[in-house]
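Q: Below are the chains, spelled out letter by letter.
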Amino acid sequence: MAQRHSRRIAGYSGTALSEFLQHMVNMLVLGGTYALLGIGLTLIFGIMNVVNFTHGVLYTFGAYITFIVVQQFGLNFFLALPVAVLAGWLLGAAIELTLLRPLRGSDIDTTMLVMIGAWIAMQSGTLWIWGGVAKSVATPFPDAPLVVGPVSVSWLRLFVLAAAALLIVVTYLLINKTSLGRAMRATFQDHDTASLMGVNVDMIYTSTFAIGSSLAAAAGALLGPVYVIFPQMGDLAAVKAFAIVILGGLGNITGAVIGGFILALAEELGAGYVSSGYRDAMGFLIIIAVLIFKPTGLFARAERVG
Amino acid sequence: MTRALGLTGTVALAAALFGGTAGAQTIKIGVNEPLTGAFAASGTYVVNGAKIAADEINAKGGVLGKKIELVIEDNKSNPTEAAAVAEKLITSDKVPVLMGAWGSSLTLAVMPKLMEYETPMVVETSSSGKITTTGNPFIFRISPPSAVEAAAFKNIVDKLALKKVDFLVINNDWGRGTAEDFSKMMKDKGITIGLVETMDQGAQDMSAQLSKIKSSDSETVIVTTAVDQLTLIFKQAAALGLKKRIITTGGSQNPDQIIAQAGAAANGTMHLTTFLPWFPDKTPNPEATNYFITEWKKRGFEFAGCTESFRGYDGIRTAAAAIEKAGKAEPAAIKAALWDINIKGLNGDIVFRKSGPEGKESGQSQPNVYLIEINDGKVEMKTL
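Protein sequence lines correspond, in order, to chains A and B.
Counting along the first sequence from 1, when you hit position 134 you're at 254 in the working numbering, and nothing is skipped either side.
Counting along the second sequence from 1, when you hit position 29 you're at 1081 in the working numbering, and nothing is skipped either side.
Relax, there's no trap hidden among the hints.
According to the in silico footprint, chain B covers these stretches of chain A (three or more CB under 8 Å from chain B):
{"no.": "1", "stretch": "241 to 253"}
{"no.": "2", "stretch": "265 to 272"}
{"no.": "3", "stretch": "352 to 359"}
Since the hints were made in silico from the structure, they are not lab data.
Here a beta-carbon is modelled for each residue, glycine too, at the ideal position from N, C-alpha and C.
Let the sequences and hints guide you as you build the complete structure.
A: Encoded structure:
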């Protein structure tokens, strides 16, 4: 009797365990892409202090670039990724040069309004060019998933996770280990001193915005084929990116990465064990909690005083 | 300054006169559909079907000696926008009748505006029961409510040997209404209802819900949502190794699009649809069905869209028939005439019966419902 009872519990917890493991794998894959979205925005919003409403559109833009390269030109999916990164870089540089440079020094509200305008104009542009109907992109990955024990995951998503991890590491090294990264941090800490030290401040502004933009485009290019591509796809992505940045602390790359995984964990467990109807609300509940108890984010940099 | 004002006045007057004359030459029908947002694909198909109907009617001389003109507005898959669009069509474009608004939540948002301006609307797609039971006498629905779908499905559940069923539905009036109506029918049949999972209409990642369903002990999943989300669900279910029988409802599946985009993942899935473009001879009106499909292909649209676009075609023909019967393009007359029409739709005769509280009944037509199965990338018909 006791034995039968314990076997039943073992059987039950076996299913529960496989479900939990599957949720964890889903979380890792989702978290990787959230982290990528987050670091692009934390560079611009956190370090440059620009409330970048075009982040979501740049994400959408990256996705449409893969659509053009793969579906319209019939070229390889792997070629589409660097093309999307480059296109995102160029579009980001263009936004900085035409919209943000003339506004440098103006107050945050003005910049914010201009960026909202840019967001609406660019979103309408994608709608005008490609229409409102969702597009899908074919990839060279097999339909059959990778199955390990009770857990199963698609090859495409594994590739997306690996690519996201690579981009995150490259960005981290760029900001923390290169002279360009040092110049960036110096510029946004003290614009005048950096300038006096011989840093080309204009170039730093443009390249920071361009790098952040290319990361958004990369996220879109990676996730476009996983999901479907449509003009408003960036809206929810942008909201989540802001949430991740706030969660991780402004301008903190490690924080943005961890924030991305926390958001994915909250969504996955929330939908899996609480209620799927409130999936997107879970992340925001955490953010409200963070803002109440630790308003500078979970991993805020120690601010220099004076 | 005075001169400028005078000029503006003249231009406005001329525009009003010109507008007035143009209005008298055509009869307008307002079309309120989602052309962007989550339901963009479906709404666009419906509008393209509506255009075929308008062109066909106009080629035969129009209605009451005038051409019909579709005034098409995008409700952005958003209930607030759907209500605003209805108001704009009625007050600014002065349409005497509307067709819309695809989704149940969109239609429900439009309904108070119909009461306010006393203008009838032909509902071509929405399936929530609430639409025809809350007492809105301006609603004339040609699509089946989910209870009718559930009733049609009832006859086959024994053959399918369903035991325990999970639901994955879109989190709005359509999805929740379907889960409710199908659960009721299935419980009566002795089938156990397991999980009822929902997803936001814009959600792109349903892996969490599907992982939960994968671990449940049911053998069948009923899925209700539009085609873009369905495609994602099939792909994600395959990626998670979900091996349960999937049955979709709602008639917005576009099975050929699922086959094209989800590939092998679509095999073995079943779908409740309201049109059979694959087997025109089995439809209630083969001649019209063949004409519609030929015209659809001639315009270069994807065949996959037929299962959705036929609603737009039937909806506009319904509205036009009512205008003809009314003898004038006025809302009250059209509303009265809708009760008297009897036209051959692509999916059965369109005749409105009373539904809802007495004295303020809505009109409900009784279309056919079919069950199809995808096997080896091909659509097969199952007998209900």
